[in-house]
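Residue numbers (this note's numbering), protein chains in the order written: chain A, 1 to 319; chain B, 1 to 319.
Rather than coming from a laboratory, the hints here were simulated on the basis of the structure. Treat each hint with caution, since some may be false.
[Unchecked claim] In silico EDC-like pairs for lysine to aspartate or glutamate, Cα to Cα no more than 20 Å straight-line:
1. Lys46/A - Asp70/A
2. Lys191/A - Glu222/B
3. Lys120/B - Glu175/A
4. Lys191/A - Glu245/B
5. Lys191/A - Asp189/B
6. Lys213/A - Glu182/B
7. Lys213/B - Asp70/A
8. Lys200/A - Asp189/B
9. Lys207/B - Glu222/B
10. Lys207/A - Asp201/B
11. Lys191/B - Asp201/A
12. Lys200/A - Glu182/B
13. Lys165/A - Glu182/B
14. Lys200/B - Glu222/A
15. Lys207/B - Asp201/A
2 protein chains.
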Amino acid sequence: MKISLEEIAKTLKSVDNVVILIHHFPDGDTIGCGFALCRALQNLGKKARVECADEIGEQYGYITENFVFDDFEPDYVIAVDVAAKNLLGDIKEKYQKIDLCIDHHATNDFYANKTFVDAKSAAACEIVYEICRKLGGIDLVQASALYTGISTDTGCFKFSNTTSKTHRIAADLMEMGVDYAEINRIMFDTKSVSRMQVEKDALNSIKFFCGGKVAIMTITKESRVNSGAKDSELEGITGLPRTIEGVVLGITIRERDNTDICKISARSNPPVSASDFCTLFGGGGHERAAGCEINEPKEKAFEMLKNAAEKMFEELGIK
Amino acid sequence: MKISLEEIAKTLKSVDNVVILIHHFPDGDTIGCGFALCRALQNLGKKARVECADEIGEQYGYITENFVFDDFEPDYVIAVDVAAKNLLGDIKEKYQKIDLCIDHHATNDFYANKTFVDAKSAAACEIVYEICRKLGGIDLVQASALYTGISTDTGCFKFSNTTSKTHRIAADLMEMGVDYAEINRIMFDTKSVSRMQVEKDALNSIKFFCGGKVAIMTITKESRVNSGAKDSELEGITGLPRTIEGVVLGITIRERDNTDICKISARSNPPVSASDFCTLFGGGGHERAAGCEINEPKEKAFEMLKNAAEKMFEELGIK
Numbered sequence: 001m002k003i004s005l006e007e008i009a010k011t012l013k014s015v016d017n018v019v020i021l022i023h024h025f026p027d028g029d030t031i032g033c034g035f036a037l038c039r040a041l042q043n044l045g046k047k048a049r050v051e052c053a054d055e056i057g058e059q060y061g062y063i064t065e066n067f068v069f070d071d072f073e074p075d076y077v078i079a080v081d082v083a084a085k086n087l088l089g090d091i092k093e094k095y096q097k098i099d100l101c102i103d104h105h106a107t108n109d110f111y112a113n114k115t116f117v118d119a120k121s122a123a124a125c126e127i128v129y130e131i132c133r134k135l136g137g138i139d140l141v142q143a144s145a146l147y148t149g150i151s152t153d154t155g156c157f158k159f160s161n162t163t164s165k166t167h168r169i170a171a172d173l174m175e176m177g178v179d180y181a182e183i184n185r186i187m188f189d190t191k192s193v194s195r196m197q198v199e200k201d202a203l204n205s206i207k208f209f210c211g212g213k214v215a216i217m218t219i220t221k222e223s224r225v226n227s228g229a230k231d232s233e234l235e236g237i238t239g240l241p242r243t244i245e246g247v248v249l250g251i252t253i254r255e256r257d258n259t260d261i262c263k264i265s266a267r268s269n270p271p272v273s274a275s276d277f278c279t280l281f282g283g284g285g286h287e288r289a290a291g292c293e294i295n296e297p298k299e300k301a302f303e304m305l306k307n308a309a310e311k312m313f314e315e316l317g318i319k
Numbered sequence: 001m002k003i004s005l006e007e008i009a010k011t012l013k014s015v016d017n018v019v020i021l022i023h024h025f026p027d028g029d030t031i032g033c034g035f036a037l038c039r040a041l042q043n044l045g046k047k048a049r050v051e052c053a054d055e056i057g058e059q060y061g062y063i064t065e066n067f068v069f070d071d072f073e074p075d076y077v078i079a080v081d082v083a084a085k086n087l088l089g090d091i092k093e094k095y096q097k098i099d100l101c102i103d104h105h106a107t108n109d110f111y112a113n114k115t116f117v118d119a120k121s122a123a124a125c126e127i128v129y130e131i132c133r134k135l136g137g138i139d140l141v142q143a144s145a146l147y148t149g150i151s152t153d154t155g156c157f158k159f160s161n162t163t164s165k166t167h168r169i170a171a172d173l174m175e176m177g178v179d180y181a182e183i184n185r186i187m188f189d190t191k192s193v194s195r196m197q198v199e200k201d202a203l204n205s206i207k208f209f210c211g212g213k214v215a216i217m218t219i220t221k222e223s224r225v226n227s228g229a230k231d232s233e234l235e236g237i238t239g240l241p242r243t244i245e246g247v248v249l250g251i252t253i254r255e256r257d258n259t260d261i262c263k264i265s266a267r268s269n270p271p272v273s274a275s276d277f278c279t280l281f282g283g284g285g286h287e288r289a290a291g292c293e294i295n296e297p298k299e300k301a302f303e304m305l306k307n308a309a310e311k312m313f314e315e316l317g318i319k
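Just chain A, same shape as in the assembly (with noise of 0.2 Å):
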């Protein structure tokens, strides 16, 4: 069942024992919505805790730092950012029943008893600035979780998903003393060493092709190994191909842990179609971002995706 923005803030002001559920692998947004609306529900003298299945990344110690969870039976379980109920990971047993969705994302398939739902929101963290707003006002620790994940939800502004709406919202929260410097820069420009020794070698395993269109990077098991890198420390790695000048259709060989299959993305720039190429191997997903799977070693994976994107190049007629 839908529900209004008003709804939310009413009948938050009128529960007292408060969970708030954010999505496993947490990322800035459902950290952000989480912490947001768990201060602003503490700040109503309610209490009010934070439940991830996974840990949260010691990067978002500066918000995370100014809270203190009690153990309490709740009475309103919220999920926030949540798309789909299995998103929760390992804590979705332990609360059958979810009371009030808060999401931005248009695949959101209503499992909570009411849903609020924008997916014009560039991040979920919008939507929970105008809930904070209508409880009472948004203090400093508020400001910095929501411009956090409004942030990182965008590539700091970068991505077409940014509207003129979340430009103003980062505004007001920057005049509440937001350190939105220091923040972008724990959040954008910094790299753990391990991430940058898998860069490293990506970047010299890569194999350009039709004329310099077409990058192949392979990213091996030896590398992520060697490297100590853990998963949550590659994100974003498989758009390194793509960002070099003239390559329109940017690939990643990702080598899987003790298997022969590899994880492959493909991202794309008109007019080619990242999907289009996935659909060739069994995969899909996005026009300019998609993946698959090819269940072969990843010299032979190399081969079967540089000779398909040959074919594709010439049947496209790109030169």
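Got chain A; can you put chain B on it based on the hints?
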């Protein structure tokens, strides 16, 4: 002599043949200012053109393609985003008298007849945005140019110079239809193959000291020559070492062409002062970003920098 925005608008309405000068090695802000202002004047039926000592990068084609410039004798000469006359480069002799300067550098030395400086503006384009509004409104060509200047001078709203006003202006410009996602893709997510090559070599060269707190990277003459990278393609590369987690002093050695002089860039995080460090070698700069030159081959420069960093960290008691 100082001039107000109102007086600028009044003056610009009264002149007919205007040349707008932008600084040499032109960046997004000076280009955005120049072309937006030029368009505003052309929309008022005036003759106007932009002049630059250096070629404007191809990546700015979506701005420049909207302009055809006539040759005419100017009755008014404006410099935008040009803090000192020598930053005009090779055209500084051609235009002895500058009637008006519009700038956001606190270091502006008031070389023009009339000057408007607002050092609180993250980009000079923020000032030109106000002027364009006073001159009769902003069309899509102007809006795209202004957005480019604002986005590039703030690292896409990432850096500390960004203000709430910056965001509100960006919001206004976006509502005029600017293709901000494509502009940001060109400006921030596109690297030339040469740049990628140099970056790869540079990453391979990084050495860590002081328990990972100091990183020294070397950009060799050989790497630049082999890759064919122009200086303009290497913008920002010296920031790389400091982006590595844990690094508080990131040093870049850039081997010069045809000489033994090495150009050194240092970037730091608290409590280390890049400026103090570079002062040891007769250089200087800002607290977090400074530079110097070492008149030695790169291997010798490397040893000197390493030793100086280790000594400095010992003195500061950083472990």
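Hints versus structure:
Between lysine 46/A and aspartate 70/A the alpha-carbon distance is near 11 Å, which keeps this suggested pair within the 20 Å criterion. Restraint check for lysine 191/A and glutamate 222/B: the C-alpha separation of about 27 Å exceeds 20 Å, so the hint is violated. Restraint check: the Cα-Cα separation between lysine 120/B and glutamate 175/A comes to about 15 Å, which is no more than 20 Å; the hinted pair holds. This hinted pair checks out: lysine 191/A and glutamate 245/B have alpha carbons roughly 5 Å apart, not beyond 20 Å.
Distance check on the hinted pair: lysine 191/A and aspartate 189/B sit about 17 Å apart at the alpha-carbon level, within 20 Å; holds. Note on lysine 213/A and glutamate 182/B: the hinted pairing holds, with a Cα-Cα distance of about 18 Å set against a maximum of 20 Å. The straight-line distance between the Cα atoms of lysine 213/B and aspartate 70/A is roughly 37 Å, outside the 20 Å bound, and the hint therefore fails. With a CA separation close to 18 Å, the supplied pair lysine 200/A and aspartate 189/B stays within the 20 Å bound.
Annotation: proposed proximity of lysine 207/B to glutamate 222/B holds, straight-line Cα distance about 19 Å (limit 20 Å). The hinted pair formed by lysine 207/A and aspartate 201/B meets the criterion: a straight-line CA distance of about 16 Å does not exceed 20 Å. Under the criterion of a C-alpha separation no larger than 20 Å, the hint pairing lysine 191/B with aspartate 201/A is consistent with the structure, at around 18 Å. At most 20 Å may separate the alpha-carbon atoms for a hinted pair to count; lysine 200/A and glutamate 182/B exceed this at roughly 27 Å.
Of the pairs offered as hints, the one joining lysine 165/A and glutamate 182/B holds, with about 19 Å between alpha carbons and a cut-off of 20 Å not exceeded. A threshold of 20 Å between alpha carbons decides the hint, and for lysine 200/B with glutamate 222/A the separation of about 19 Å falls inside it, so the pair holds. For a cut-off of 20 Å, the pair hint linking lysine 207/B to aspartate 201/A stands: about 16 Å separates their Cα positions.
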